[in-house]
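Visitor: Same order as they appear, the protein sequences are chains A and B.
My numbering puts the first residue of the first sequence at 1, with every later residue one more than the last.
My numbering puts the first residue of the second sequence at 1, with every later residue one more than the last.
Don't take every hint at face value.
Far from chain B, some chain A residues (derived; all Cβ distances over 10 Å) [claimed, not checked]:
#1 Y195
#2 R230
#3 P335
Chain A stretches covered by chain B per the calculated footprint, using a threshold of three residues with CB under 8 Å from any CB of chain B [stated by the list, open to error]:
#4 145 to 159
#5 369 to 383
#6 395 to 407
Short derived list, chain B residues pointing at chain A, Cβ under 10 Å [as the list claims (entries may be wrong)]:
#7 L323
#8 E390
#9 Y408
By construction, these hints were calculated from the structure, which means they are not laboratory data.
Just so you know, even glycine gets a beta-carbon here, dropped at the ideal spot from N, CA and C.
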Amino acid sequence: MMKLFDQNIMKIRNVLFGLITVALSAASGFLTTTDAQIAVQGETVYTVSGEAIQNGIVLINNGVIEEVGSEDEVDIPSDYERHEAAVVTPGLIDARTVVGLAGYYNQDHDQDQLETSNAVQPELRAIDAFNAREFLVNYLMEEGITTIHTGHAPGAVISGQTMIAKTSGETVEESLVDSTTTIAVTFGPSIDNNYDSPGTRAKAVAVLRQNLIEAREYADKRAAGEDQSRNLKMEALADLLDGKIRALVSAHRAHDIMTALRIQREFDFPMILEGASEAYVVLDEIKEADIPVVIHPLMTRPSGERKNVDMETPAKMKEAGIPFAFQSGYESYVPKTRVARFEAAIAAANELGFESALHALTLGAAEILGIDDRVGSIEEGKDADIVLYDGDPFEYVTHIEGVIINGEIVYDGE
Amino acid sequence: MMVLIGSLLAFSQSTPQAFTGATIIPISGEPINNGVLIVQDGEIVAVGDADTDIPGNADLHDVSGKVLMPGLVDTHSHVGEGDGGDYSSSLHPDVRIMDTIDPRSKEFRKVVSGGITSVNIMPGSGLLMSGQTVYVKPKPADTIEEMLIVVDEETGVYGGLKMANGTNPLRSNGSPGTRAKSAAMVRELFIDAQEYQQKIEAADGDPSEMPERDLRMETLVEVLEGKRIVHNHTHRHDDILTAIRLAEEFGYRLVLQHVSEAHKVADEIAESGAHASIIAIDSPGGKLEAINMININGRELEDAGVNVAFHTDDPIVDSRFLLRSAALGVRNGMSRKAALESVTIAGARMMDIEDRVGSLEEGKDADFIILSGEPLSVYTHVEQTWIEGEKVYDRSNPEDRDYATGGYEIFRSTNMHIHGERH
Chain A
1 MMKLFDQNIM KIRNVLFGLI TVALSAASGF LTTTDAQIAV QGETVYTVSG EAIQNGIVLI
61 NNGVIEEVGS EDEVDIPSDY ERHEAAVVTP GLIDARTVVG LAGYYNQDHD QDQLETSNAV
121 QPELRAIDAF NAREFLVNYL MEEGITTIHT GHAPGAVISG QTMIAKTSGE TVEESLVDST
181 TTIAVTFGPS IDNNYDSPGT RAKAVAVLRQ NLIEAREYAD KRAAGEDQSR NLKMEALADL
241 LDGKIRALVS AHRAHDIMTA LRIQREFDFP MILEGASEAY VVLDEIKEAD IPVVIHPLMT
301 RPSGERKNVD METPAKMKEA GIPFAFQSGY ESYVPKTRVA RFEAAIAAAN ELGFESALHA
361 LTLGAAEILG IDDRVGSIEE GKDADIVLYD GDPFEYVTHI EGVIINGEIV YDGE
Chain B
1 MMVLIGSLLA FSQSTPQAFT GATIIPISGE PINNGVLIVQ DGEIVAVGDA DTDIPGNADL
61 HDVSGKVLMP GLVDTHSHVG EGDGGDYSSS LHPDVRIMDT IDPRSKEFRK VVSGGITSVN
121 IMPGSGLLMS GQTVYVKPKP ADTIEEMLIV VDEETGVYGG LKMANGTNPL RSNGSPGTRA
181 KSAAMVRELF IDAQEYQQKI EAADGDPSEM PERDLRMETL VEVLEGKRIV HNHTHRHDDI
241 LTAIRLAEEF GYRLVLQHVS EAHKVADEIA ESGAHASIIA IDSPGGKLEA INMININGRE
301 LEDAGVNVAF HTDDPIVDSR FLLRSAALGV RNGMSRKAAL ESVTIAGARM MDIEDRVGSL
361 EEGKDADFII LSGEPLSVYT HVEQTWIEGE KVYDRSNPED RDYATGGYEI FRSTNMHIHG
421 ERH
């Protein structure tokens with residue numbers, strides 16, 4: 001009881017801090033961007049949106065990319081702070097994680113990724129639980145991850161909402177890119193581990209359909225301007241059915257993926273498939289449904305519903321023309337998070353190749369998440385999120401020498 | 001028919017096999033460009049440069065452009081679907097994981113796809129002593145006996161003793177409930193074993209004077225006599241020192257396993273002479289007593305002069321990523337030499353099998369791997385794995401390759417060892 005009380009006090013205090021920060025930020029008109037002027041010189045600059053540039057230069061001004069080109073094309077103004085590296089890429093994107101809701105202690109007080117009081121809770125907002133100062137958020141940043149799509153975990157029929165954040169910033173308001181990106185939906189046996197009911201996969205699907213049918217009615221009344229009392233659960237699901245947000249659907253076994261596609265057709269909501277251990281069995285069906293995939297961590301353990309994972313799935317999805325991105329996923333034990341860069345490396349080495357892996361880890365992920373107007377490539381006008389390396393970003397022995405987020409050097413490799 | 005097959009195998013074994021053109025990393029010496037490896041009857045006959053004499057009757061294997069190095073040694077794994085002691089007690093030196101391993105487990109196919117040719121398979125860490133470990137070669141076999149690496153023909157020992165301290169063996173409603181109680185229980189049992197050992201010595205070979213057979217005591221006497229090495233799961237710096245303290249009190253040989261906070265007590269570990277078998281993981285956290293585990297342990301232990309090996313603790317790290325662990329060691333400041341030793345000869349020393357495996361030297365077992373390139377590169381694949389002169393994995397064979405990459409129903413019959421909260 002005492003513990004619960006303490007937690008509530010902590011949460012209230014965090015909310016108050018947040019409000020104060022918002023007020024201060026609004027007053028100063030200054031969030032995480034900076035007016036520092038930086039020139040990054042790379043022996044190889046992977047812009048991702050275009051060809052790699054040898055001896056390239058990226059100019060950063062006021063938090064955004066001002067100019068990019070070869071050293072013959074770009075002049076570095078004398079007052080710009082210079083940084084050099086062997087390899088330069090856009091900031092990397094982890095397209096599905098729970099860090100910030102899940103902390104590294106793995107104790108009750110820092111595990112907010114799955115609420116087990118109810119298996120259907122689309123009203124749970126990630127922004128109300130995200131701890132921008134969580135150790136693991138900073139840890140991912142030091143591995144070159146500058147943007148994370150994080151939020152409620154798989155394991156409930158609907159576990160809650162997800163959000164997109166930068167891995168810098170001291171409050172969720174400072175870090176935030178998008179507050180309500182998806183609603184996390186799960187198909188498969190993991191729900192049974194967390195709830196007495198639904199206790200089977202079939203029952204879970206029935207519960208989901210019933211909720212979506214009610215949400216359809218709610219959405220229709222809302223569209224018609226009819227009076228109805230506000231219902232947070234239904235508001236969130238109505239937004240899904242109206243196409244304002246998407247479903248992030250976890251499914252691993254091929255038949256669970258097919259069920260997910262069946263329900264998506266029935267209710268016609270926008271969807272991202274996540275996990276998808278057996279995607280390679282139903283590539284044609286996924287392609288036909290025109291649904292992008294955030295593929296499971298490539299080094300995930302081959303057990304349970306993930307028993308049939310294949311390190312060559314990303315290569316097969318590329319060949320099939322299915323857009324995909326990488327994720328760190330959800331870990332309940334050790335390691336507490338994986339690193340999307342390391343997972344992409346395994347795909348790169350297993351038939352996908354360097355360029356395609358880097359694309360999926362940057363611009364490809366940004367496109368799937370709908371944030372490619374801001375991040376994912378080194379292009380003029382985009383957020384200045386840049387990573388500097390001393391070698392191939394996917395090689396085990398390579399070091400990160402610098403991370404820049406919103407034009408600010410947030411990590412210098414030390 | 002079996003006899004005929006047996007003699008055919010024996011015949012093929014006695015034909016020398018010569019591998020030419022590769023960069024050979026013998027571990028026992030400097031890399032050899034355009035090297036030659038010759039094996040026969042399961043053993044290494046010669047390792048040398050391009051001028052090495054190749055017997056006229058040898059089968060030639062042109063492996064130009066490849067890298068050839070010793071098969072990898074994994075000092076801590078849970079493959080093979082075995083088990084250990086139960087919760088009737090926390091002390092099970094009598095229990096053998098050997099009696100429970102499935103030699104046909106498909107996990108062994110995965111192990112060789114990762115280039116591992118010697119494995120220490122251990123019971124879990126939820127007990128102070130969960131049982132005897134087993135050293136095996138993951139080669140095709142119908143019985144576990146065929147896979148055993150017998151350390152010493154005289155004693156017949158083929159494994160160590162798994163011990164654990166810290167939080168894993170603690171029971172909230174039972175014993176031990178604290179760290180101090182854990183140490184006291186272990187000391188008490190070793191004192192019993194010392195007395196048992198004294199009775200055996202007093203009998204001086206007279207069967208009528210021998211104490212009654214006691215499986216628990218017999219195993220611990222092997223430990224006290226230095227014939228059986230203790231593999232002690234431990235994470236926190238104070239638990240590491242407790243493991244060392246008990247080993248010194250009873251004079252047993254100690255391999256520290258995991259050693260998550262080794263970086264805090266590297267000099268003390270070096271001073272004790274204990275070996276350190278460590279793990280590389282992709283982020284800290286997830287397990288409270290291991291929260292300060294960071295991947296600088298390899299560097300710190302190397303600098304302190306400790307014999308250090310990486311292990312997989314499969315399924316915590318998959319057996320296919322042992323070389324990756326060594327590479328992460330280099331990323332965090334370990335020397336390349338120590339990193340390559342950490343997955344070969346250093347681990348062999350922890351299992352008393354360094355005279356047979358862990359380096360490419362004349363007279364040693366013909367256990368080696370052929371890599372597509374630089375051992376510490378993510379882009380490198382294990383192309384072939386050989387154990388005692390027999391090819392046990394070939395990536396060019398689609399069925400073998402499936403174990404390296406995964407896929408549909410590859411691991412269907414396998415029940416992965418699950419640690420729960422106790423690994």
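Visitor: Could you tell me which of the hints above the structure violates, numbers in ascending order?
Guide: The structure breaks hints 3, 4, 5 and 8; every other hint is satisfied.
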